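With the hints as your guide, set chains B and C onto chain A.
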Amino acid sequence: MTAALLEVADLGKHFGGFTALDTVNLSIAPGERVGLIGPNGSGKSTLVNCLCGTLRNDSGSVRFDGRVVDRLAAHQRTRLGMARSFQLPKPFGSLSLADNIRMPLLYTVNARGGETLSPAALDARCRDLLQLVGLADKAARLPRDLTQVEMRKLELARAVAAEPKLLIADEAMAGLSHSEVDDILALLGMLNQRGIAIILIEHIMRAVMSFSQRLVVLVAGRKIADGLPQEVTRNPDVVKAYIGE
Amino acid sequence: MEISLDLLLGAVVAGILLGGFYAAVSIGVSISFGMLDIVNIAHPAFIILGSYAAYIINSSFGIDPIVSAVIMLPVFFLLGTGVYEVYYAVFERRGDEALRGLAFFFGLLFIIEVALILVFGVDYRFVEAAYIGPTLRYGPIDLPLRMLVPFAVSILMLAGLQLYLSRTFTGRAIMAVSQDRLALQLMSANPGRIKRIAFGISIATAALAGAFLIIIQPVEPSVGRDYIGRVFAITVLGGLGSFPGMLTASILLGIVESITSTFYGPSWSPAVAFGFLLVTLAVRPSGIMGRR
Amino acid sequence: MRPLTFWLVAIAVGAAFFGLSLLAPNQYYFQAGYVVLQYIVLATAWNILGGYTGYVNFGVAAFFALGAYSTVALYKLLPLPLPLLVLIGGVVSGVVGLGMGYLTLRLRGAFFSIATLALAVVMETLITNWDYVGGSRGAYILRPAQVPLLGNYIVYLFLVMLALAVIAIGIARSIERSRLGFGFAAIRDDEQAAEAAGVPTLRLKLVATTLSGALMGMAGAPLPYYVTYLDPASGFNLAYAVNSIAMPLIGGTTSWVGPLIGAIFLGTVQQLATVTISSALNLLIVGLLLVGFVVIAPNGIVGLVASLRAAMRARGVHRQWKRASREPLPRESPR
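Protein chains in written order, with my numbering: chain A, 544 to 788; chain B, 32 to 323; chain C, 34 to 368.
Hints were generated in silico from the structure; no laboratory data involved.
Any given hint could be a false lead.
Cβ-to-Cβ under 7 Å is the rule here; a few derived chain A residues that face chain C [unchecked claim]:
| no. | residue |
| --- | --- |
| 1 | His-618 |
| 2 | Thr-621 |
| 3 | Arg-627 |
| 4 | Lys-633 |
| 5 | Phe-635 |
| 6 | Ser-637 |
| 7 | Met-646 |
| 8 | Pro-647 |
| 9 | Tyr-650 |
| 10 | Thr-651 |
| 11 | Ala-705 |
If you're wondering where the values come from, they're calculated on a predicted model, not measured in any experiment.
Beta carbons: idealized from backbone N, C-alpha and C, even for Gly.
Next up, chain A with everything else stripped away, as it sits in the complex (with noise of 0.2 Å):
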């Protein structure tokens, strides 16, 4: 077995007296599609945030990579690889498609030292993101202008922009069609078969099983099931948790 990408042991986060994840152990390989699930306020955009850096875990540790990431902030973690898209888009507003691009760029890949991309590059590189999430004709247009589903293609691109080899979606199809639902899948797939790990949080359970090769269960801030998603979901404390007791 290779080494894991992402190694979460025993991670811990309250908030007062509230327990918002308890021990929680999760392990993905380097290109794994893991599908995270749970019921609203078990803890899974504060796993995000923890795993992101956005909020600093009480206790366990998160290793990626091989390093150990618990101190280090979120623009540090973005940089060794570690990519994520908001519940809420949240696009640059000032500025236009491809500067929403040209952010990414120029604070990961051009700050990582190395080779360090041109004016030229950095412009070719912003067209083939947005080209790749089919925003190309938009690129000088501001983020108001976009659709729901535009916008959360956008919040992909400048997440994939900063060359991760994770990245976490979080609900990136809440509140979209049925097909354009469709249209975010096949992007994702698409990113995947680059070989970009990705963890998928999602409630549209179609979705997450057509997506996922493994799923991961999260109720009260517990990881209750991780297996084959077939598995997990006839898993009666899973379905206990959903359907209620």
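Quick look at chains B and C alone, frame taken from chain A:
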């Protein structure tokens, strides 16, 4: 030694009285900043406006300043709802409250102050009331009525507002808007209307706080600035939007300021509030950020 | 325009302006010009933090007065040439800016603004209680009547402030076109997303507070020589803060042009108004303009001009602008 102990006791009592007044000054910001997330830095200017309203009514009709403030409550409430209307339409709806919203209130602060200077000049104004002169004495403790009366009315106002927020439908909706906007919509209350009422109340408290201020000391248009640091230090330290926390912080600041001015001289007291604020920001940011 | 070309043009414009000003019939023009230039520096400095990163500094007077009072303190100690004093004032205020930023920038933006407001109060308290620099009585500074080559000292002060204005605008413009300025814009738009895109937000914000504070301190350093008598009430005058905020917001906050236009416009209006009407009324005008502009024209004069041009283009009046119309904002990609 005995003398300085008496001095200390006197300073603490004076500080508690001062703290009660600070609570009245801060409660409006506790509502607007603590609950509604509106950084109304012009609040002290509204308080000075309250002082001048009390001064005008007191000097022209001889009505008690606190009674005149009560008369002015609806006017200030309407003023507050009007300001919120503009703020909502221009900044909040556009999601532009950070830079321009702040500048808006800053400009408002300045306009109110300069307008008062243009109308009334920079002379100190004061009100007349029977309780402004006398002082109750208990051994080393002085209880000047001009401090005691605002203190008592301030506590009454706080208690009244606390009751209103916890017992009435609108009050609970205001509490809800500070915590969860979605929950509020599920209660089928209109968040815009609720916030407008809440902001109106926050400005209405400035009418009373202004009357207290002009009872305690003579007022000129720019004294409001001294309160900006204090008010926000208290609101932040008190835990944003909690009245008991705010009252505790007010009294704490009152005591510290009173001790500073007794032992080091009054020219140092403006720095105390800032020190308070900095310590709060540096040491207890988690307490500040606690409301998430 | 290339950075080097821009610097050369800026210096040439500055020199031409100075040459023109030597034709001025009397000293008053230098005095008035000094004040306007000082506001160009303050407004540009404020905008580096406020306009680019979106953090509102209400404590302009504190940074400005710190620069001025470091000059007063040194004046008593040993005579130093003015440019050196400007540099020292910049360092003092820059360090205070860094400290302020470090204490408050990890919190929400509003806390920073409130803390800066309180900073002005505490600094004024400290200076008022510091007898060495005159305390509340204020301090007198004797300035040389003449300087070699330039003649009158006020001409020298004018020249120093002119150089500072050119430097401030040059810095602001180079930031705008660099990766730094790009990162600032990301912070202004969404800090969480900026971090996720690899932008080291805390470090960038500290750069902004330090730079902005330093420029304000530099603008304040020559003040004691200009006024020759400085007391805390005038050094910490709230008018500095109001003007420094109003000018960029009236001019437009997204580019270096905005604060420049705003400072020239508002500064000149005030210089004229102080002569003709009362100074209180004149400040009321600033307050009203500030509120009026943030309510009606959120992107300031620059934004108004841009949308006016867009409207004219739409009607096909000026076809020659068509090519430029592809780019909605005059922002170049950083290299």
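Structure-based check of each hint:
1. His-618: Holds - the Cβ of A/His-618 comes within 7 Å of chain C, reaching about 5 Å at its closest.
2. Thr-621: 4 Å, holds
3. Arg-627: Hint holds; A/Arg-627 Cβ to chain C Cβ min 6 Å, cut 7 Å.
4. Lys-633: 4 Å, holds
5. Phe-635: Result: holds, 4 Å to nearest chain C Cβ.
6. Ser-637: Check passed: Cβ of A/Ser-637 comes within 6 Å of chain C, closer than 7 Å.
7. Met-646: At about 5 Å, which falls below the 7 Å cut-off, the nearest Cβ of chain C leaves the hint on A/Met-646 intact, so it holds.
8. Pro-647: 4 Å, holds
9. Tyr-650: Holds - the Cβ of A/Tyr-650 comes within 7 Å of chain C, reaching about 4 Å at its closest.
10. Thr-651: Hint holds; A/Thr-651 Cβ to chain C Cβ min 4 Å, cut 7 Å.
11. Ala-705: 6 Å, holds
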